[in-house]
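Sequences are here, hints too, so could you generate the full structure?
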Amino acid sequence: MRRRARPRGDDLLGTYVPGTSPLHRCPLWLKALLVLGACLVVMTARDWRVSLGALALTAAAAAACGLGVRRWVRSLRPLLLLVILLTAYHLVANGPARAADVVLSLLAVVTLTRLLISTTPLPRLIDGLVLLCSPLCLAGVDPERIGLAVSLMIRSVPWLFGVLTSLRDAAAARTVRPHPVQLVTPAVIATVDYAHRTGEALAARGLE
Amino acid sequence: MEPPHRESLYCADVTVTVEGPRGPVTVLEGVDCEFTARRTAVVGLNGSGKSTLLRLFNGLVTPSSGVVRTGNVDPAAFPRHARSLVGFVFTDPASQILMPTPLEDIELSLRRGVRDRAERTEQAMAWLRRLGLEDRAHHSVFDLSGGERQLVALAAVLAVEPRVLVLDEPTTLLDLRNRLRLRQLLDGLPQQQLLSTHDLDLAASADHVAVVHEARLIDQGPPERMLHLYRHWCENGFPGKTAA
Amino acid sequence: MEPPHRESLYCADVTVTVEGPRGPVTVLEGVDCEFTARRTAVVGLNGSGKSTLLRLFNGLVTPSSGVVRTGNVDPAAFPRHARSLVGFVFTDPASQILMPTPLEDIELSLRRGVRDRAERTEQAMAWLRRLGLEDRAHHSVFDLSGGERQLVALAAVLAVEPRVLVLDEPTTLLDLRNRLRLRQLLDGLPQQQLLSTHDLDLAASADHVAVVHEARLIDQGPPERMLHLYRHWCENGFPGKTAA
Amino acid sequence: MTSPARETRSLTSFDLANIAVFAALTCVLALAPAIPVGAVGVPITLQTLAVFLTGMILGGWRGFLALLLYVVVGLLGVPVFAGFVGGPAVLAGPSAGYLLSFPFAAALVGALAHRSVRGERVRRRDGATSVAPERRGGLTVKLIGAGLAGLVLSHVVGTAGLMINAGLGLGAAVVTDLAFVPGDIVKVVVAALIAVAVHRAFPRMAGAVL
Ligand SMILES: Nc1ncnc2c1ncn2[C@@H]1O[C@H](COP(=O)(O)OP(=O)(O)OP(=O)(O)O)[C@@H](O)[C@H]1O
Ligand SMILES: Nc1ncnc2c1ncn2[C@@H]1O[C@H](COP(=O)(O)OP(=O)(O)OP(=O)(O)O)[C@@H](O)[C@H]1O
Ligand SMILES: O=C(O)CCCC[C@@H]1SC[C@@H]2NC(=O)N[C@@H]21
Ligand SMILES: [Mg+2]
Ligand SMILES: [Mg+2]
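Sequence lines, in order, name chains A, B, C and D. Everything in the first sequence is counted per the working numbering, starting at 23 for the first residue and increasing by one. Everything in the second sequence is counted per the working numbering, starting at 512 for the first residue and increasing by one. Everything in the third sequence is counted per the working numbering, starting at 512 for the first residue and increasing by one. Everything in the fourth sequence is counted per the working numbering, starting at 9 for the first residue and increasing by one.
Some hints could be false.
If the Cβ cut is set under 7 Å, some of the chain D residues that face chain A in the computed set are [stated by the list, open to error]: (1) PHE22; (2) LEU24; (3) ALA25; (4) VAL29; (5) ALA31; (6) VAL36; (7) ALA40; (8) LEU83; (9) PRO87; (10) PHE92; (11) GLY95; (12) ALA97; (13) GLY175; (14) VAL206.
Non-contacting residues of chain A with respect to chain C, defined by C-beta distances greater than 10 Å in every case (computed) [stated by the list, open to error]: (15) VAL63; (16) VAL105; (17) SER188; (18) ALA193; (19) ILE211; (20) HIS218.
Here are the simulated distance ranges between beta carbons [claimed, not checked]: (21) PRO49/A - GLY748/C: 19 to 25 Å; (22) PRO190/D - GLU633/B: 53 to 59 Å; (23) ILE43/D - PRO49/A: 39 to 45 Å; (24) ASP730/B - ALA637/C: 53 to 59 Å; (25) VAL149/D - PHE589/C: 41 to 47 Å; (26) PRO44/A - ASP712/C: 55 to 61 Å; (27) ARG641/C - ARG549/B: 38 to 44 Å; (28) GLU735/C - ARG626/B: 36 to 42 Å; (29) PRO190/D - PRO535/B: 51 to 57 Å.
Quick caveat, the hints were computed from the structure, so don't treat them as lab data. Since this is a predicted model, take the numbers as computed values, not measurements. Glycine included, every Cβ here is placed at the ideal spot set by N, Cα and C.
Okay, here's the thing in C-alpha cells:
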C-alpha cells in the first residue's frame with residue numbers, strides 16, 4: 023500500500039497490553055527500580071556490549087510476557103530515520119564502536135521504558151506517580167492533579183500525531199493544496215480547540 | 512443508585528451575552544423556565560442557543576444577567592457543587608473520553624469516590640458490562656465505533672451517579688440500531704434527564720418539550736403539541752421576529 | 512458550472528486492510544459496485560465501513576487489493592486528478608475548516624479559481640448567503656454552533672464546483688429546517704452525489720441505496736426496498752454473520 | 009464558549025487541559041526527527057518551537073507549567089526527549105542546560121507575549137475584540153521580540169550546561185551554541201506568525217475579553 027489510511031501515533035510511547043506474566047504481576051515500584059537501574063547502567067557504561075546485552079534481555083522479557091516481538095519491532099519504526107542519521111554521523115565522526123554504542127543504548131533505553139509501560143495499566147502508573155508526588159502536598163500542590171495532567175498529556179500525543187494528517191486530508195479533499203507550512207497554523211489552532219474541548223470535558227465531569 | 516428524586520432546573524430572566532468580532536452577541540435572552548419533568552427535550556434551529564441553555568446548568572456558561580438554579584445551587588458561583596449534581600454528555604464523545612481505554616476512562620470517574628484500586632477496576636468493569644461493552648474494556652478509544660464511544664462517554668458520566676443527566680444531542684452520530692439502544696438505556700435509568708436534540712423521535716419520547724428560537728425560549732409544553740408546532744414553524748417560518 | 516455529466520464511481524473486489532494495534536483489521540472486504548445514479552446513499556451501522564468506502568473515491572484511502580475508478584481515474588495512482596473531480600465533505604466540520612473565520616475559509620477554496628481579491632471576497636460572501644450564514648462571516652469558526660460549522664464546511668467544498676460531491680453524513684448536526692434546506696440545495700445542484708447517512712429521510716431521497724455491513728456491501732437497489740430491509744435488519748439482526 | 013467562573017482553584021480545568029495538551033505538543037515536536045550537529049551530541053530539534061509557541065499562546069504561568077510537566081515526565085523515564093530518550097540520566101548529558109531552561113524560557117516569552125496581546129485589545133475597546141488586520145503586523149513584531157528574549161535565556165543556560173556537563177571551555181561552548189541560533193530565530197518568527205492566528209481564532213485566550 024502506498025499510504026496507510028489514517029496513520030496513528032498511539033503506539034509511539036507504548037500502550038498497555040493485558041496479560042498475566044510475572045512482569046504484569048510484579049509490583050510497580052520494583053519494576054520501576056529495575057528499569058531505571060538498567061537504564062542508568064546502559065547510559066553510564068558507554069559500551070556497546072552492555073547495551074546489546076540489555077537490548078537482548080528486554081527483547082527476551084518482552085517475548086516472555088507475551089507482548090509480541092513483531093509488534094514491538096514495528097512500533098520502533100518511527101526511530102528508523104534517527105537511527106540511520108545517528109549511525110552515519112557517529113561512524114564518520116567517532117568510529118564504529120561509538121556508533122554501535124549510541125544506537126544500541128538508545129534502542130535499549132526505549133525498549134526498557136516501553137516494557138514498563140506495556141505491562142502496567144496507565145491508571146497504575148498514575149497511582150505510582152501520585153504516590154511519588156505526595157510530598158508536594160506540603161507545598162500546597164495536589165498530587166492527584168499532577169497525575170491527571172500526566173495522563174491527559176499521554177492521551178493527547180496520539181491525537182496530535184493524527185492532526186497534521188487529517189488536516190492534509192481535509193485540504194486534499196477540498197482540492198486546495200496549501201503548502202505544508204500553511205497547514206501548521208491550522209494544526210496549532212485545532213490543537214488549541216482540542217485543549218478547550220478537553221477542558222470543558224474535565225469541568226463537566228467534575229474533575230477540577 | 513439515587514432514588515428517582517427530581518431537581519428543579521430553573522432560570523429566571525437569563526441573558527447570556529458574549530463578545531463577538533463586531534461587538535457583543537446575545538446568545539440567550541430573557542429565558543424563564545423550570546424543568547422538573549423526568550425527561551425534558553429542548554429543540555430549536557442550529558445556533559438558536561440550545562447548547563448554551565444546557566451548559567448554564569453546570570456552570571460551563573455563566574449568565575450575563577438573571578438567575579440560574581440547579582436544584583438549590585447557583586452553578587455560576589458553585590460550579591463544582593452543580594457539577595456533582597449534573598452529569599453532562601457532549602455531542603462528540605471523542606472529546607469527552609479523557610483516557611486511552613474505556614476501562615481507564617471510567618476508573619477516572621470513580622477515582623474520587625473509590626479509593627481502593629481493585630475495587631475501582633471492578634466497579635468500572637461492572638459499568639461497562641451494564642452497557643454491553645465489557646469486551647471493549649482494553650481497546651484504544653480510537654478503535655471504537657461512534658456508537659460504542661457514545662456509550663463509553665455515557666458510562667463515564669453515569670459512574671459518578673449524578674442526580675440529573677444533561678445530554679447535548681446524544682444520538683446525532685449514532686446509527687438506527689444504536690439510537691434504539693441508547694433510548695432503551697435512557698428509559699431504564701432512574702435519573703431526571705434534560706436533552707437537546709434534532710432527532711424528533713427522541714424528542715417525542717420526552718415528557719416536556721421546550722422550543723428555543725433566536726436566543727429565546729419561545730414555547731414549552733407537552734411533546735405532541737410542541738413538536739407539531741416546531742415542524743410547522745420549520746416549514747412556514749417562526750412566529751415573532753422574521754425567520755431568516 | 513459543469514454540465515450535469517455523470518462519472519462512474521467504480522469498485523471491483525476492493526479490500527481495505529489497516530494496521531490496528533492488535534494486528535491487521537479488515538475495514539472493507541470484496542466490495543463490488545458501480546455508482547452512476549444522480550444521488551447514491553450508503554447506509555449501515557456505526558463502524559460498518561461507510562466512510563472508508565466514500566474515501567476510496569478521492570484517494571484518501573487506498574485499497575489493499577482490487578480496483579477503484581473515479582470516472583476513468585485511478586485515485587490511488589492519481590489522487591490529485593481524482594480530487595479535482597470529487598469534492599469531499601467530512602462529517603466532522605472541525606476537521607475540515609482550515610481558516611479562523613468562515614469567510615477566509617471559503618476564500619481559500621476560491622484562491623485557485625479567482626485571482627482578484629475583491630471578487631473572491633464577494634463570491635465567498637455569496638456562498639455564505641446561499642447557506643444563510645452571512646452574519647457569521649467574521650466570527651471565529653470555534654464560536655459557531657455545530658450546525659453552522661457543518662454548513663460552512665459544505666460551502667467551502669461547493670465553492671470549488673467539483674463534478675461529483677461525496678458527502679459523509681452531511682446532515683448529522685443539522686436542525687430540521689437546515690436539513691430541508693440542504694436537501695433543496697442538493698436537489699438544485701447539477702452535480703452527481705454520493706453520500707453516507709444515518710438520516711433515513713435523506714437516504715430515501717436518493718436514486719440508489721447501498722447497504723454496508725461488517726465491511727461488506729451486502730445489498731443495493733432502489734431506496735424503498737433497501738431502506739425497508741435496512742430497518743428490518745436493524746431491529747431483527749442482519750443476515751449472514753451473527754449481528755452483535 | 010464562555011469560560012467557567014473562576015473560583016477557589018488557581019488553575020481551572022481549562023488551564024490544566026491547555027497545560028497537558030501543550031506538554032504533549034512539545035513531546036510530538038521533540039520526537040520529530042532530530043538532526044545531530046557537532047561532536048557534543050546536542051541535536052537541532054523542534055522543541056524550541058514548542059517552547060515559543062506555548063509561551064506565546066498560553067502566557068507565562070501556564071506556559072511555565074506546561075514545559076515543567078514535559079521536562080518532569082521526561083526525567084521520570086517516559087521517552088519524550090530528543091531521540092526518544094528519557095530518564096534522569098539526561099541530567100548528566102550535554103543538553104541538560106537547554107532542557108532545564110525550557111520552563112523558564114516559556115515563562116519569559118509568555119509573560120511578555122500576553123502583555124502585548126492584551127495591549128492590542130485594550131487599545132481597540134471600541135467594540136471590536138479581535139486583532140484587526142492593520143494591527144497584526146505590529147503584534148507579530150512584538151511577539152517576535154518576546155520570543156527572542158526567551159531564545160537568549162535558553163541559550164545562555166544551555167551554554168552553561170555545555171560547559172558544566174560536556175567540559176567545554178566558554179569559547180568552545182559559545183561556538184557550539186551559535187550553531188543553533190539561526191534555526192532558533194526562524195522558529196521564533198514561525199511561532200509568532202502562528203500565535204497571531206491563534207489569538208484571532210480564540211480571542212479569549214489571553215484573558216483580555218470576558
Ligand atoms: N463564545 C461565543 N462567541 C460568539 N458566539 C457564540 C459563542 N458561543 C455561542 N455563540 C453563538 O451563539 C449561538 C448559539 O450557539 P449554541 O451552540 O447554543 O447553538 P445550538 O442551538 O446548540 O446550535 P446547534 O443545534 O447547531 O448545536 C450560535 O450562533 C453561536 O455562533
Ligand atoms: N486507520 C484505521 N485504523 C484502525 N481502524 C480503523 C481505521 N480506519 C477505520 N477503522 C475501523 O474500521 C471500521 C469502519 O470505519 P468507518 O469509519 O468506515 O465506519 P463508518 O461506517 O463510517 O461508521 P460511522 O457510522 O460511525 O461513521 C471502524 O470499526 C473503524 O474503527
Ligand atoms: O535532549 C533534549 O531533548 C534537549 C535537546 C536540546 C536542543 C537544544 S534546544 C536549543 C537549541 N536549539 C536547537 O534546535 N537545539 C538546541
Ligand atoms: Mg448545540
Ligand atoms: Mg463514518
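Results for each hint:
no.: 1; hint: PHE22; result: holds, 4 Å
no.: 2; hint: LEU24; result: holds, 6 Å
no.: 3; hint: ALA25; result: holds, 4 Å
no.: 4; hint: VAL29; result: holds, 4 Å
no.: 5; hint: ALA31; result: holds, 5 Å
no.: 6; hint: VAL36; result: holds, 5 Å
no.: 7; hint: ALA40; result: violated, 9 Å
no.: 8; hint: LEU83; result: violated, 11 Å
no.: 9; hint: PRO87; result: holds, 5 Å
no.: 10; hint: PHE92; result: holds, 5 Å
no.: 11; hint: GLY95; result: holds, 5 Å
no.: 12; hint: ALA97; result: holds, 4 Å
no.: 13; hint: GLY175; result: violated, 15 Å
no.: 14; hint: VAL206; result: holds, 6 Å
no.: 15; hint: VAL63; result: holds, 31 Å
no.: 16; hint: VAL105; result: holds, 21 Å
no.: 17; hint: SER188; result: violated, 5 Å
no.: 18; hint: ALA193; result: violated, 6 Å
no.: 19; hint: ILE211; result: violated, 7 Å
no.: 20; hint: HIS218; result: violated, 7 Å
no.: 21; hint: PRO49/A - GLY748/C: 19 to 25 Å; result: violated, 46 Å
no.: 22; hint: PRO190/D - GLU633/B: 53 to 59 Å; result: holds, 58 Å
no.: 23; hint: ILE43/D - PRO49/A: 39 to 45 Å; result: holds, 41 Å
no.: 24; hint: ASP730/B - ALA637/C: 53 to 59 Å; result: violated, 35 Å
no.: 25; hint: VAL149/D - PHE589/C: 41 to 47 Å; result: holds, 44 Å
no.: 26; hint: PRO44/A - ASP712/C: 55 to 61 Å; result: holds, 58 Å
no.: 27; hint: ARG641/C - ARG549/B: 38 to 44 Å; result: holds, 42 Å
no.: 28; hint: GLU735/C - ARG626/B: 36 to 42 Å; result: violated, 58 Å
no.: 29; hint: PRO190/D - PRO535/B: 51 to 57 Å; result: violated, 46 Å
Of the numbered hints listed earlier, those contradicted by the structure are 7, 8, 13, 17, 18, 19, 20, 21, 24, 28, 29.
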